[in-house]
Amino acid sequence: MRLKLVPENTSFDFFSRAKMWLGISVFLILVGFASFMIQGLNYGIDFQGGTTIRTESSTPVDVAAYRAALEPAGLGDISITEVFDPTFPDDKHVAMVRIQAQEGAEAVEGSTVQTVEDALRAIDPDMIFPFPSVESVGPKVSGELIQTAAIAVVLAIAAVLFYIWLRFEWQFAVGAVAALVHDVVLTLGVFSELQIKFDLAIIAALLTIVGYSLNDTVVVFDRVRENLRKYKKKDLKDVLNISINETLSRTFMTSVTTLLALFALFILGGDVIRGFVFAMIWGVIVGTYSSIFVASAILLWLGVKRDWSKPDLTKTGNQFGNVDA
Amino acid sequence: MMNMSLFQRISIWLTVAVGILLASPNFFYTTVENHNDAVAFAETGVSPNAAVAEMTPEELAANAAGWPGFMPSSLVNLGLDLRGGAHLLAEVNVEDVYSDRMDGYWLEVREALRGERDTVGTIRRQNAPDGQLRVKISNPAGMERALQLVRGVASPVVSLTGVGSNDIQASGAGDIITIELTDAEKLATNDRTMQQSLEIIRRRVDEVGTREPTIQRQGERRVLIQVPGIGSAQQLKDLIGTTAKLTFHPVVGPAGPNDTPGPRTVIYPSIDPQDAGTFYELEQSPVVTGEELADSQPAFDQNGQPSVTFRFNPGGARKFGIYTSENVGSPFAIVLDEQVISAPVIREAITGGSGQISGSFSVEESTNLAVLLRAGALPAEMTFLEERTIGPELGQDSIDAGKIACIVAFVLVLVFMFLSYGTFGLFANIALIINVGMIFGLLSLIGATLTLPGIAGIVLTIGMAVDANVLIFERIREELKTSKGPARAIELGYEKALSAILDANITTFITAVILFAMGSGPVRGFAITLGLGILTSVFTAIYVTRVIIIMWYDRKRPKTIEV
Numbered sequence: 001m002r003l004k005l006v007p008e009n010t011s012f013d014f015f016s017r018a019k020m021w022l023g024i025s026v027f028l029i030l031v032g033f034a035s036f037m038i039q040g041l042n043y044g045i046d047f048q049g050g051t052t053i054r055t056e057s058s059t060p061v062d063v064a065a066y067r068a069a070l071e072p073a074g075l076g077d078i079s080i081t082e083v084f085d086p087t088f089p090d091d092k093h094v095a096m097v098r099i100q101a102q103e104g105a106e107a108v109e110g111s112t113v114q115t116v117e118d119a120l121r122a123i124d125p126d127m128i129f130p131f132p133s134v135e136s137v138g139p140k141v142s143g144e145l146i147q148t149a150a151i152a153v154v155l156a157i158a159a160v161l162f163y164i165w166l167r168f169e170w171q172f173a174v175g176a177v178a179a180l181v182h183d184v185v186l187t188l189g190v191f192s193e194l195q196i197k198f199d200l201a202i203i204a205a206l207l208t209i210v211g212y213s214l215n216d217t218v219v220v221f222d223r224v225r226e227n228l229r230k231y232k233k234k235d236l237k238d239v240l241n242i243s244i245n246e247t248l249s250r251t252f253m254t255s256v257t258t259l260l261a262l263f264a265l266f267i268l269g270g271d272v273i274r275g276f277v278f279a280m281i282w283g284v285i286v287g288t289y290s291s292i293f294v295a296s297a298i299l300l301w302l303g304v305k306r307d308w309s310k311p312d313l314t315k316t317g318n319q320f321g322n323v324d325a
Numbered sequence: 001m002m003n004m005s006l007f008q009r010i011s012i013w014l015t016v017a018v019g020i021l022l023a024s025p026n027f028f029y030t031t032v033e034n035h036n037d038a039v040a041f042a043e044t045g046v047s048p049n050a051a052v053a054e055m056t057p058e059e060l061a062a063n064a065a066g067w068p069g070f071m072p073s074s075l076v077n078l079g080l081d082l083r084g085g086a087h088l089l090a091e092v093n094v095e096d097v098y099s100d101r102m103d104g105y106w107l108e109v110r111e112a113l114r115g116e117r118d119t120v121g122t123i124r125r126q127n128a129p130d131g132q133l134r135v136k137i138s139n140p141a142g143m144e145r146a147l148q149l150v151r152g153v154a155s156p157v158v159s160l161t162g163v164g165s166n167d168i169q170a171s172g173a174g175d176i177i178t179i180e181l182t183d184a185e186k187l188a189t190n191d192r193t194m195q196q197s198l199e200i201i202r203r204r205v206d207e208v209g210t211r212e213p214t215i216q217r218q219g220e221r222r223v224l225i226q227v228p229g230i231g232s233a234q235q236l237k238d239l240i241g242t243t244a245k246l247t248f249h250p251v252v253g254p255a256g257p258n259d260t261p262g263p264r265t266v267i268y269p270s271i272d273p274q275d276a277g278t279f280y281e282l283e284q285s286p287v288v289t290g291e292e293l294a295d296s297q298p299a300f301d302q303n304g305q306p307s308v309t310f311r312f313n314p315g316g317a318r319k320f321g322i323y324t325s326e327n328v329g330s331p332f333a334i335v336l337d338e339q340v341i342s343a344p345v346i347r348e349a350i351t352g353g354s355g356q357i358s359g360s361f362s363v364e365e366s367t368n369l370a371v372l373l374r375a376g377a378l379p380a381e382m383t384f385l386e387e388r389t390i391g392p393e394l395g396q397d398s399i400d401a402g403k404i405a406c407i408v409a410f411v412l413v414l415v416f417m418f419l420s421y422g423t424f425g426l427f428a429n430i431a432l433i434i435n436v437g438m439i440f441g442l443l444s445l446i447g448a449t450l451t452l453p454g455i456a457g458i459v460l461t462i463g464m465a466v467d468a469n470v471l472i473f474e475r476i477r478e479e480l481k482t483s484k485g486p487a488r489a490i491e492l493g494y495e496k497a498l499s500a501i502l503d504a505n506i507t508t509f510i511t512a513v514i515l516f517a518m519g520s521g522p523v524r525g526f527a528i529t530l531g532l533g534i535l536t537s538v539f540t541a542i543y544v545t546r547v548i549i550i551m552w553y554d555r556k557r558p559k560t561i562e563v
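Protein sequences, first through last, are from chains A and B. With the working numbering as the guide, the letters of the first sequence map in order to residues 1 to 325. With the working numbering as the guide, the letters of the second sequence map in order to residues 1 to 563.
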């Protein structure tokens, strides 16, 4: 009568195919990295400068007509994408017009928006003016934003590495961070491969993935630490397997509740944050995978000090007692 | 653990009650917002927005009574992406001020050197790059004495960091003295320029009377301006982007665009479209400036055209009166930001200290100009680095979509938890509902801003908040397997799950803090809801469920439990 995602007592061997899983991860990372190097990310204006205009009209979007109308204005590179969303009524047609940062202009030009407005008004009288949203970022700011974002991600990973090193041992920290980097790289890879718009909000999503992936890894590691004290004679591999199996039910429960909530947001939350939510969904999936197949596998590979005979030290809050023996 | 002291139970429920009470105004958002506006209006006499200004006293009283005064009335602020409005990031060209300062020093330097004409010879100001003053002396042999005199003009820097340094530095090469601001003085000047700019922007935005604008200094020389409810960033730029330096100059005569100005004169174009292509040669020093205005209002002139009236303060009125009475019959120019609005002929002495500017204004332009003149001129020009406009409909759509998504996510998680853990799942669900209430309570308490990613943060918290309970319940299941009694199993479940819960949440909290510190705008909104969500979820999962389970256990005393 209870809903059980995972059977009561499991004893999967998570390391029997460790090489295969690691191989898959490395392969995916390489694919992601290659895609990142070759076609790069589809940076939004936050990181590249330029202007995006959201248009809304009761007549369907005709991308070619929009382009033809805007081309003569000489605004440089223009991209027009239609936005689809299940929450839109039938007579709501939305498009995003993206204009590159204008040559030599540090400041944002108000005339650009006016030009676009005039051109589009001529071909679609039903269009709603003023535009539902206009966002414009100068090249100076966008350069700074990308720098801050990169610093934020690196700082987050470093802070977490430090915390885990304090609470566990350095092998755990390395395993956790490897899993984190794995998740972040795979997410970047997906964004590059699918050319989803990469803007400031995605950085927030990336950091959340860092947080979530860690959450998962830490729960498994916490159990590993406990079991290392409990089963002093067992192989590290067996202890890891027992720990993962014991926490498996929890791992799935949490992932499923989080995914339920995220999918609700993905489907119903509107198109404005869809990319953001997509990043998080992807992050939860790879984060769950990596805490078992990357973090634990690396822990197994690095080995770990087995003498946890003074557990009271950690219980009384002196986390430094066991560090670096 | 199975017996919690009464004190503990009461404090836990009290915390929950306070959290929910603080959150309660948000469920009646419009009512409370109207109540707050009406109360603010009654207290300060300044209407917080245009709608309030038009209301009758009865309506205001009804609004004020709409929400009981003893209840908390702080609301969660809605970010621009939810409410609609404009966001601007501007950079102030602080160097603009340096050349004005140099003009001031020129007068002092000239004064100082004039007394020693025998040693330094005649002095003449040379062309120099912005922010520098170059003075040529005809007797290079007197350079040492000249420098000594110029340095005597310097005064100590007035700022905390610049203590001990002077405001200008002078150096001599050949027969040229170069005078520059010192770095300490530049810093102090920049700081003053920024303060003034912020003040003027604030005054201008306040004149338009929108709700809760944000005007913040960012870094050394940037200003962030967020105004909810304004139609477009362009409108905001029109309001704050113009320097609005009004000056009144004697007219020397008409000029051509390529003429070189004579000594102490300038050539400015006319902005009147009927006069297009006309240029005026004006005396460089104005008779009076906009700094001496006391008031300015939009009006209509005798021909029914939009115009702007102005009134000088007593000092300005006196200067203006003297000048106009001495120069009846000659033209003088009204200049705004180095462009001539009009150049009428003085018909009679204007001694009342007030006047009217007629140009080819639209009604909107005259209203805007009056606002700008009342608020005063910006000390330096601004460039806009970033601008975002979000229409109110798009914001409302986002709120609606976010609400539906939140409710659906909530229901899915509640059902799923109940199916998985039965009665215990129900307990976790109660905690989850309390959790979301407390997030809103905290958001209102600290006056945080809810953004679209912030809503995503709440939805994510809903998903992740149950994690702590899942950890505890799974642990209780395990403990039950080793056939301990229910009470002992529950106790051990809470005890042993604690370290995993803390570690997991602290790491997530670290990322939320970093996100808050590094991020801006919407991203920051996300970090706030994520961080607060972690705090409240740990509290509700550890304490609230525990109290509920204890109360349930004490009443039922079950022999066996199923989790």
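Hints are computed from structural coordinates only; laboratory data are not their basis. Heads up, some of the hints might be wrong.
[Said to hold, decoys possible] Residues of chain B placed beyond 12 Å of chain A at every Cβ, according to the derived structure: (1) ALA17; (2) LEU60; (3) LEU88; (4) ASP118; (5) GLN169; (6) GLU180; (7) ASP191; (8) ILE215; (9) ASN327; (10) GLU365; (11) ARG374; (12) ALA409; (13) ILE433; (14) LYS484.
[What the hints assert, rightly or not] Quick list of in silico lysine-lysine cross-link-like pairs, BS3-like style, CA-CA up to 25 Å: (15) B:LYS319 / B:LYS403; (16) B:LYS496 / A:LYS4; (17) B:LYS319 / A:LYS237; (18) A:LYS4 / B:LYS403; (19) A:LYS140 / B:LYS237; (20) A:LYS92 / A:LYS4; (21) B:LYS245 / B:LYS136; (22) A:LYS237 / B:LYS481; (23) B:LYS496 / A:LYS234; (24) A:LYS305 / A:LYS230; (25) B:LYS403 / B:LYS496; (26) B:LYS496 / A:LYS233; (27) A:LYS233 / A:LYS305; (28) A:LYS234 / A:LYS140; (29) A:LYS232 / B:LYS237; (30) B:LYS484 / B:LYS496; (31) B:LYS481 / B:LYS403; (32) B:LYS484 / A:LYS4; (33) B:LYS559 / A:LYS230; (34) B:LYS403 / A:LYS232; (35) A:LYS140 / A:LYS232; (36) A:LYS230 / B:LYS484; (37) A:LYS4 / B:LYS319; (38) A:LYS197 / A:LYS19; (39) A:LYS230 / B:LYS245; (40) B:LYS403 / A:LYS92.
Idealized CB from N, CA, C, for every residue including glycine.
Verification of the supplied hints:
Here ALA17 (chain B) stays apart from chain A, with its beta-carbon at least about 26 Å from theirs, past the 12 Å limit. At roughly 31 Å, the least C-beta separation between LEU60 (chain B) and chain A is larger than 12 Å, which holds for a residue marked as non-interface. With a least beta-carbon separation of about 9 Å from chain A, LEU88 (chain B) fails to lie farther than 12 Å from that chain, contradicting its non-interface assignment. The Cβ of ASP118 (chain B) lies farther than 12 Å from every Cβ of chain A, with a closest approach of about 51 Å, so its non-interface assignment holds.
Here GLN169 (chain B) stays apart from chain A, with its beta-carbon at least about 30 Å from theirs, past the 12 Å limit. At the 12 Å boundary, the C-beta of GLU180 (chain B) stays outside the reach of chain A, the nearest C-beta of that chain being 26 Å off. Every C-beta of chain A lies more than 12 Å from that of ASP191 (chain B), the closest at about 22 Å, which supports listing it as non-interface. No Cβ of chain A approaches the Cβ of ILE215 (chain B) within 12 Å, the least distance being about 18 Å, so the stated non-interface status holds.
No beta-carbon of chain A comes within 12 Å of the beta-carbon of ASN327 (chain B); the shortest separation is about 40 Å. Every CB of chain A lies more than 12 Å from the CB of GLU365 (chain B), the least distance being 16 Å, so the non-interface label holds. Distance to chain A confirms ARG374 (chain B) as a non-interface residue, since its nearest Cβ pair spans about 24 Å, more than 12 Å. At roughly 4 Å, the least C-beta separation between ALA409 (chain B) and chain A is not larger than 12 Å, which violates its mark as non-interface.
Every C-beta of chain A lies more than 12 Å from that of ILE433 (chain B), the closest at about 14 Å, which supports listing it as non-interface. Every CB of chain A lies more than 12 Å from the CB of LYS484 (chain B), the least distance being 16 Å, so the non-interface label holds. Restraint check: the Cα-Cα separation between LYS319 (chain B) and LYS403 (chain B) comes to about 62 Å, which exceeds 25 Å; the hinted pair is violated. The suggested pairing of LYS496 (chain B) with LYS4 (chain A) holds, with an alpha-carbon distance near 22 Å, which does not exceed 25 Å.
Between the alpha carbons of LYS319 (chain B) and LYS237 (chain A) the distance comes to roughly 93 Å, so the proposed pair goes past 25 Å and is violated. Only pairs whose Cα atoms come within 25 Å are accepted, and LYS4 (chain A) paired with LYS403 (chain B) is rejected, the gap being roughly 30 Å. In summary, the hint linking LYS140 (chain A) to LYS237 (chain B) is supported, as the alpha carbons are separated by about 19 Å, within the 25 Å threshold. A threshold of 25 Å between alpha carbons decides the hint, and for LYS92 (chain A) with LYS4 (chain A) the separation of about 43 Å lies outside it, so the pair is violated.
With a C-alpha separation of about 31 Å, the suggested pair LYS245 (chain B) and LYS136 (chain B) falls outside the 25 Å cut-off, and the hint is violated. Proposed proximity of LYS237 (chain A) and LYS481 (chain B) is supported: the alpha carbons are some 24 Å apart, at most 25 Å. A C-alpha spacing of about 22 Å is found between LYS496 (chain B) and LYS234 (chain A), which places the hinted pair at or below 25 Å, so the restraint holds. For the suggested pair LYS305 (chain A) and LYS230 (chain A), the alpha carbons sit about 14 Å apart, so the restraint of at most 25 Å is met.
Using a Cα cut-off of 25 Å, the hinted pair LYS403 (chain B) and LYS496 (chain B) is violated, with the two alpha carbons roughly 36 Å apart. This hinted pair checks out: LYS496 (chain B) and LYS233 (chain A) have alpha carbons roughly 22 Å apart, not beyond 25 Å. With a CA separation close to 13 Å, the supplied pair LYS233 (chain A) and LYS305 (chain A) stays within the 25 Å bound. For the suggested pair LYS234 (chain A) and LYS140 (chain A), the alpha carbons sit about 58 Å apart, so the restraint of at most 25 Å is broken.
Between LYS232 (chain A) and LYS237 (chain B) the CA atoms are separated by roughly 70 Å; this puts the pair beyond 25 Å, and the hint is violated. Restraint check for LYS484 (chain B) and LYS496 (chain B): the C-alpha separation of about 15 Å stays at or below 25 Å, so the hint holds. Distance hint between LYS481 (chain B) and LYS403 (chain B) is unfulfilled; the C-alpha atoms sit about 41 Å from each other, more than 25 Å. For the hint linking LYS484 (chain B) to LYS4 (chain A), the alpha-carbon distance of about 22 Å falls within 25 Å, and the restraint holds.
With a CA separation close to 29 Å, the supplied pair LYS559 (chain B) and LYS230 (chain A) exceeds the 25 Å bound. Proposed proximity of LYS403 (chain B) and LYS232 (chain A) is contradicted: the alpha carbons are some 51 Å apart, above 25 Å. For a cut-off of 25 Å, the pair hint linking LYS140 (chain A) to LYS232 (chain A) is broken: about 58 Å separates their Cα positions. With a C-alpha separation of about 18 Å, the suggested pair LYS230 (chain A) and LYS484 (chain B) falls inside the 25 Å cut-off, and the hint holds.
Only pairs whose Cα atoms come within 25 Å are accepted, and LYS4 (chain A) paired with LYS319 (chain B) is rejected, the gap being roughly 89 Å. With a C-alpha separation of about 34 Å, the suggested pair LYS197 (chain A) and LYS19 (chain A) falls outside the 25 Å cut-off, and the hint is violated. For the suggested pair LYS230 (chain A) and LYS245 (chain B), the alpha carbons sit about 79 Å apart, so the restraint of at most 25 Å is broken. Taking the CA atoms of LYS403 (chain B) and LYS92 (chain A), the gap is near 20 Å; set against the 25 Å cutoff, the hint holds.
In this structure, the hints that do not hold are numbers 3, 12, 15, 17, 18, 20, 21, 25, 28, 29, 31, 33, 34, 35, 37, 38, 39, in rising order.
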